[in-house]
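Undergrad: Each chain, written out:
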Amino acid sequence: MSRLGSQILASILVNAVYEMKNYPAVLVITVLSPLSFLTLIFFISGGTLLAVGIVGGLIMTMFSAGTSLQADLSHLKNDFKLQDMVVGSPTSASVYVTGMALSELIYTSPALVILALLFGLFVHVELVMVLGIVIVMLLMFLTSISLGFAFATFSSDIVQSFAFTRLLSLLFTTLAPVYYPITLIPMPWRYLAYLSPTTYAAEIGHDLIGFLSLSADMLIIDWVVLLGLTIIFLWVGTKKARWREK
Amino acid sequence: MGQTREISCEGITKVYDGNKTALSSIDFAIPAHGIFAVIGRNGAGKTTLARILSTLLEPTSGKATIDGLDVMADANKLRERMAVVPQEGRTVAWMTPVQTVSAYLLWRGISYKESLKRAGEAVARVGLEDQADRLNRTLSGGMKRKVLVAMVLASDSEFIFLDEPSTGLDPISRQQLWRLLIELGKDRFVLLTTHYLEEAERVADRIGILNNGRLMAIGNMPELRGRLEHQYSLKVPAGLDLQVKVGETVDLENGQLQVLTTQDEALRISKNLIEAKAQFSVNPITLDDIFTYTVGSIDAEVREDKEADEE
Numbered sequence: 001m002s003r004l005g006s007q008i009l010a011s012i013l014v015n016a017v018y019e020m021k022n023y024p025a026v027l028v029i030t031v032l033s034p035l036s037f038l039t040l041i042f043f044i045s046g047g048t049l050l051a052v053g054i055v056g057g058l059i060m061t062m063f064s065a066g067t068s069l070q071a072d073l074s075h076l077k078n079d080f081k082l083q084d085m086v087v088g089s090p091t092s093a094s095v096y097v098t099g100m101a102l103s104e105l106i107y108t109s110p111a112l113v114i115l116a117l118l119f120g121l122f123v124h125v126e127l128v129m130v131l132g133i134v135i136v137m138l139l140m141f142l143t144s145i146s147l148g149f150a151f152a153t154f155s156s157d158i159v160q161s162f163a164f165t166r167l168l169s170l171l172f173t174t175l176a177p178v179y180y181p182i183t184l185i186p187m188p189w190r191y192l193a194y195l196s197p198t199t200y201a202a203e204i205g206h207d208l209i210g211f212l213s214l215s216a217d218m219l220i221i222d223w224v225v226l227l228g229l230t231i232i233f234l235w236v237g238t239k240k241a242r243w244r245e246k
Numbered sequence: 001m002g003q004t005r006e007i008s009c010e011g012i013t014k015v016y017d018g019n020k021t022a023l024s025s026i027d028f029a030i031p032a033h034g035i036f037a038v039i040g041r042n043g044a045g046k047t048t049l050a051r052i053l054s055t056l057l058e059p060t061s062g063k064a065t066i067d068g069l070d071v072m073a074d075a076n077k078l079r080e081r082m083a084v085v086p087q088e089g090r091t092v093a094w095m096t097p098v099q100t101v102s103a104y105l106l107w108r109g110i111s112y113k114e115s116l117k118r119a120g121e122a123v124a125r126v127g128l129e130d131q132a133d134r135l136n137r138t139l140s141g142g143m144k145r146k147v148l149v150a151m152v153l154a155s156d157s158e159f160i161f162l163d164e165p166s167t168g169l170d171p172i173s174r175q176q177l178w179r180l181l182i183e184l185g186k187d188r189f190v191l192l193t194t195h196y197l198e199e200a201e202r203v204a205d206r207i208g209i210l211n212n213g214r215l216m217a218i219g220n221m222p223e224l225r226g227r228l229e230h231q232y233s234l235k236v237p238a239g240l241d242l243q244v245k246v247g248e249t250v251d252l253e254n255g256q257l258q259v260l261t262t263q264d265e266a267l268r269i270s271k272n273l274i275e276a277k278a279q280f281s282v283n284p285i286t287l288d289d290i291f292t293y294t295v296g297s298i299d300a301e302v303r304e305d306k307e308a309d310e311e
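Chains Z and W, in that order, give the protein sequences. 42 is the number that this note's numbering gives to position 42 of the first sequence; each next residue is one higher, with no gaps. 263 is the number that this note's numbering gives to position 263 of the second sequence; each next residue is one higher, with no gaps.
Incorrect hints may have been included.
PhoX-like mimics (lysine-lysine), calculated; alpha carbons at most 20 Å apart, straight line [claimed, not checked]:
id, chain 1, residue 1, chain 2, residue 2
1, Z, K81, W, K144
2, W, K20, Z, K246
3, W, K144, Z, K77
4, Z, K77, Z, K246
5, Z, K246, W, K63
Sample of chain Z residues with no beta-carbon within 10 Å of chain W, all distances over it, derived [as the list claims (entries may be wrong)]:
id, residue
6, L9
7, L35
8, V128
9, L170
10, L175
11, V224
These are calculated hints, taken from the structure and not from any lab test. Note that the coordinates shown come from a computational prediction; the quantities given were computed from them, not determined experimentally. Glycine included, each C-beta is placed from N, C-alpha and C at the ideal position.
With the sequences and hints as input, model every part of the structure.
TA: Put into structure tokens, the structure is as follows:
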């Protein structure tokens with residue numbers, strides 16, 4: 001195994017594998033969270049919004065990976081002082097956060113697998129559309145981990161950090177039209193939804209599965225905004241995060 | 001012939017939030033081997049100094065080097081050769097000692113197989129072989145500290161930074177930790193910050209005394225003793241008329257009076273105290289005496305400065 005591989009593996013083991021292995025109960029909440037929303041949407045809509053809910057679940061899971069990263073990094077940094085031990089080692093900030101981000105993906109993998117199975121069973125689209133949804137999920141993941149890392153490096157209080165994680169989840173995955181179509185939000189409130197990056201991801205996803213029929217212009221705007229936000233948040237995450245303290 | 005490896009600080013100053021001075025123009029150069037204990041009261045600047053030297057914190061001004069490498073400019077090179085256990089560093093609750101040490105070695109770039117082998121050996125070396133596969137959260141405080149020491153032990157790092165590793169340990173665990181530290185210091189440089197003067201005196205090859213962000217004294221025990229004119233310490237309850245002919249007296253915070261004096265004068269006063277059936281103790285000066293004298297004198301200096309400012 002390469003040196004880089006070892007360093008990334010360390011983060012994955014500490015933040016996902018060992019925790020899942022030694023505390024299996026934590027997996028239950030990871031799986032239940034997206035599925036509970038999906039169940040709710042399914043019953044309320046009489047099954048008509050199932051596909052929308054599945055795509056929403058995938059987007060929520062990817063975004064939650066980033067918000068969880070924020071809480072986990074903060075927990076390891078402030079409660080265990082682990083980040084100090086890593087800063088004083090050959091591992092760089094980018095390698096540490098890459099490993100931690102991958103650990104979040106592994107952590108959410110049971111939920112992702114279940115949602116992917118449901119997607120295969122209940123959402124029938126062409127392969128190119130599936131690819132589009134995967135790209136949207138990836139952009140969501142990059143956006144949220146960048147935000148998560150930047151906020152975690154500034155955080156010095158775990159209570160504040162967990163509160164912030166819950167706030168991000170509430171604003172960007174529960175209130176925002178991720179599990180339900182944006183068309184259900186009356187004007188002018190709909191404009192508020194566009195303040196959330198998840199809205200653009202969900203709108204593209206809902207278009208790809210054929211639930212919404214966006215104009216070409218609107219679709220281009222959604223992609224550009226989503227890509228732009230990802231780049232901005234990546235820049236914020238890499239430039240503004242603190243590794244060595246000032 | 002190679003140059004002697006050194007740890008050096010030139011004018012290291014750290015000011016937090018623009019007005020809180022944690023370190024004030026620290027200057028020293030010491031050999032980069034053995035154990036260097038930094039002692040001082042809470043807020044003296046021990047942790048700030050350890051964090052700057054271990055590349056975790058930027059100084060406001062000044063320059064620090066380890067074996068010729070600048071802690072700012074050459075941080076990445078130094079991080080290849082150092083290991084850090086920060087103040088209040090803790091083991092991750094959901095991991096075992098072997099997993100903890102192995103993960104740390106992986107972060108240092110060692111292969112998974114090798115990391116497990118070394119982790120097992122290091123955990124055994126600190127006496128935790130029977131606890132190797134128990135979750136950290138089930139270990140005692142002393143055992144958890146040993147896991148952290150096993151991490152740096154397994155890393156084979158040349159420069160080790162341990163910030164108050166014995167805080168909160170019971171006396172037996174502390175003594176076990178001292179044995180490990182002495183072993184570490186045999187072939188590496190260890191910077192140890194501590195509140196415990198006995199710990200510094202027992203394990204350290206060199207000691208630095210910090211007070212209010214200033215380095216008051218630095219050296220090995222004979223050098224620090226040499227700072228004091230008198231080499232014997234008598235401690236008596238305050239209020240006794242000792243009629244000290246040679247030496248100086250210091251009022252201690254515990255209500256006692258300390259006399260720093262010569263061996264002959266200590267003997268003379270002791271005889272008088274025995275005749276008067278007074279309680280007292282007499283010893284060659286310890287780090288405790290040096291610390292009290294050094295920090296006491298600077299506290300007096302600071303008080304005088306403050307009083308002068310107020311006037």
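Undergrad: Any hints this thing doesn't respect? Which numbers, in order?
TA: Hint 6 alone not satisfied by this model.
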